[in-house]
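Chain B: place on chain A using the hints.
This is what each chain is made of:
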Amino acid sequence: MNQPKKGRIIGIDLGTTNSCVSVMEGGTPVVIANAEGARTTPSVVAFKGAERLVGVPAKRQAVTNSENTIFSSKRFIGRKFDEVTEELKMVPYKVKKSENGNAVFEVNGKTYTPEEIAAFILIKMKETAEAYLGEPVTEAVITVPAYFNDSQRQSTKDAGRIAGLDVKRIIPEPTAAALAYGLDKEHNDKKIAVFDLGGGTFDISVLEIGDGVFEVLATNGDTHLGGDDYDNAILKWLLETFQQEQGIDLRNDKMALQRLRDAAEKAKIELSGTTSTEINQPFITMDASGPKHLSITLTRAKLEALTDGLTDRTREPCLKAMKDAGVTPDQISDILLVGGMTRMPSVQEMVKKIFGKEGHKGVNPDEVVAIGAAIQGGVLSGTVKDVLLLDVIPLTLGIETMGGVMTPLVERNTTIPTQKKQIFSTAADNQPAVTIRVLQGERKMANDNREIGRFDLSDIPPAPRGSPQIEVAFDIDADGILHVSAKDISSGKEQRIKIDSRSGLDENDIKRMMRDAEQHAEDDKKRKEEVEIKNEADAISFRASKALSEYKDKIPVDIASNIQSKIDALKKALEGNDFDRIKSTKAELETAMQQIGESMSKAGPQAAGSSTQSQEQPYAQAHNDMADNPENIEDAEVEIIDDNKQ
Amino acid sequence: MNDNEETSSPEADELAQARAETAEFKDKYFRALAEMENARKRLQKEKQETSQYAIQNIVCEFLIPIDHFENALGFTDNMSEEVKHWALGFEMILTQLKDVLAANGIQPIEAQGKYFDPHLHEAVENVETNDIPADIVVEVFTRGYRMGERTIRPARVKVAKSIKNEGEKI
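Those protein sequence lines, which keep their order, are chains A and B.
So the first sequence is numbered by our numbering: it starts at 1 and just counts up by one.
So the second sequence is numbered by our numbering: it starts at 1 and just counts up by one.
Isolated chain B, as found in the complex:
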């Protein structure tokens, strides 16, 4: 109304200051509310992820004895018939363990003969060869696993590398 006059009097200054303060506090208040709301939403999301990761961490630890189990059975190929017969039974137990993983959405990662993909595989060793195209996985040391789209453990692999001809070296 009469803003110009108001600015000159001390009351008007006080009023203007009070208004500014109110506006500031209101702003802070709304920000605080919004922040709380956002934090709540994020917390919700995090909670979900936490339980997912928790499963993942436990599964990861179980994968190690499963590897060893698998590894152990791999050694029985050249053994006596009796040992092989035992191994067959253990093989069945291993299958059961893997079924439990599969039932919970945990799948082994295909690696042998595939192109090396650092999102799924971890290179432990190279083998220089011209018989196999470069970047092909020639051997799987330990199996990798994925849960949905997420790699919970990469496959540990040996990767083919082309033998460099002299010309390439400078």
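The shape of chain A in the complex, shown without the other chains:
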């Protein structure tokens, strides 16, 4: 079963306008930046004399070498010349009919097939991956649009072979998106929609998923709708507005046009995050009266009005695709958003209008397809299966400590198997037992979390509060089983339980608990702080009482009675919930306590200061942030729960 391991299988999203490459690394897909530092590469190939350019450099020289610069070659791959007559009108390069009737490109008198052009892009992606991984790459998963027919898929595969890649699988782009969102792990059959609005094309696909099997039920789209159309709409408006205000037409000023085109795209991106943006282009041009500046405010509402017609063009294809798939919007459980344009709020709004629910947008829409391809590559090479063994715990695990606080031991998202140990102590003198309440959740107070287990460690030898050392260990094995043990270090007495930390929780419970924690974060923080104040105050009054009784003979009577009155005041304050009063009485007691040290150092050098010091430690450290390091053993206190109170 242990086959000799081969190299990694990379995932390539071979797009119409941009391509992207990703690879599984340590169980997670990583998108790889190219030599120019960009995570996506323009799908452009240019020929300049003997030189071949791919990606950004090819795009940069397109204007000056348009007939030898091939972009959108994906629109021609695997197609007959007679099928692409519409596309021909939109490109400045030469496309002709090959002997077998296919569409091929003619550059500098040489013929290139769309497969060869795609291969040049694939080689660039392969080199990008090799530079990153530091090892040769020979295998890949490549994505294609769901509507690609056999001939187009075969041609894409051929392109891979020309590029020196063994194409392990060709997968549809919407399937890749679903993989990136982890939808292959769903066991129940469900129907999803993938809404892909990219740089130049719009695709909508309806898929059926069940037990890791994907079936494309229907696809539709608009082959000429994308981000560039939105940029152009803004550009047109800028030019018109400027002409109205200044009476100057900038359409023939290439430099101004270029500046405005950049500004339009920047404004479009900004308006996904803000509701208004300032487009400032000082000294955009000059006339007889002097320099002219362009300063226009573009609001999100205006942008939406400008591009309304474009966004609306996505509606029909979606409705048709659902009709062809024989589904209604309410039967579609998830909508995945793919392509940079789906970041635009009005596009997301349109999705909601069409399908009646929000689209998923957790994964970068520019990279989601490549990520899905990488995951498929990982599955094929076996690495993903191996990695799935390494699960994470979905919610924080901890125990209840003094004052009803949840003290986390293992933070959520920790990869298992894992082990954490921490030392706790008692909260009262001669405390015979501690109750370990094992909690799960993100809330600060114990009772707001889920109790998943509880046990007592009894027969703790009588000892002053804070001095017994009780080691609590959480050990979660690879199957998610949590072993909790509590051990009194001095007596060696130990108790343990075993809990399936994942039982009884489904994804929704986890999400709800996370949401609760977020919503209550402020309240919880305040309550925890209040408990901490009370705990500190309680500790100080305890320490003061103890010092009084221990050094009765050495403390002058007036000081002792003063301290006693302060202790009483603090204890009284502690009965209520007036935290300002607790704080002030606590401060008073602390000041009074200093008199003990002073009077005793006058009385004799072997003062009791050290005693107070050592007592202080467990309390002080109990409030330290719990470090991740399992060896970093800290003191804190376990709350005792009185049996008769329960």
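In short, the hints are calculated from the structure, not lab data.
Being a predicted model, the structure only gives us computed values, none of them experimental.
Cβ atoms here follow ideal geometry from the backbone N, Cα and C, with glycine treated the same way.
Be aware that a few hints might be false.
[Unchecked claim] Derived, one-sided and incomplete: chain A residues facing chain B with beta-carbon distance under 7 Å: (1) 26; (2) 53; (3) 60; (4) 255; (5) 258; (6) 282.
[To be verified] Each computed BS3-like pair below joins lysine-lysine, with the alpha-carbon atoms no more than 30 Å apart: (7) 26/B x 421/A; (8) 48/A x 114/B; (9) 511/A x 526/A; (10) 28/B x 185/A; (11) 498/A x 511/A.
[What the hints assert, rightly or not] What follows is a list of derived Cβ distance ranges for each label pair: (12) 80/B x 352/A: 50 to 60 Å; (13) 88/B x 266/A: 24 to 34 Å; (14) 14/B x 131/A: 39 to 49 Å.
Frame of chain A, contents of chain B only:
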């Protein structure tokens, strides 16, 4: 030793299975270790690159107002002496800004009169002419910048193109 005999008994099967499993787990363990080590190294490298890119991104944003500044000063050539005098002072401020860039290894890209190079230049416009050799940059719209060997922003340029004679068109 007596491998042949062992294969027949159930204990031997179990043993063989256990050995295979051990070998498999050992393999996986070493792979996991190696993967972690490699990931750590890559992380280190990425960290370095990230900080470099971070600087680059900020610099790129600062380049835009610097362009506009430069552009604005370009308009003062035909202005009055008073304006020119002011402009001189602003010119000095611009120089200071550029000095800051230079001190951080960011150099302007030479473009005017050079052969067009798509690694350094971006063509915005062509001009058909037979007076200047083809592919020569005839005008720079916005200055490009490089940081070491990396082009952080290409120069935006107008490029000469030879006028096609009729014979070439088919």
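Ascending list of hint numbers which this structure does not respect
none
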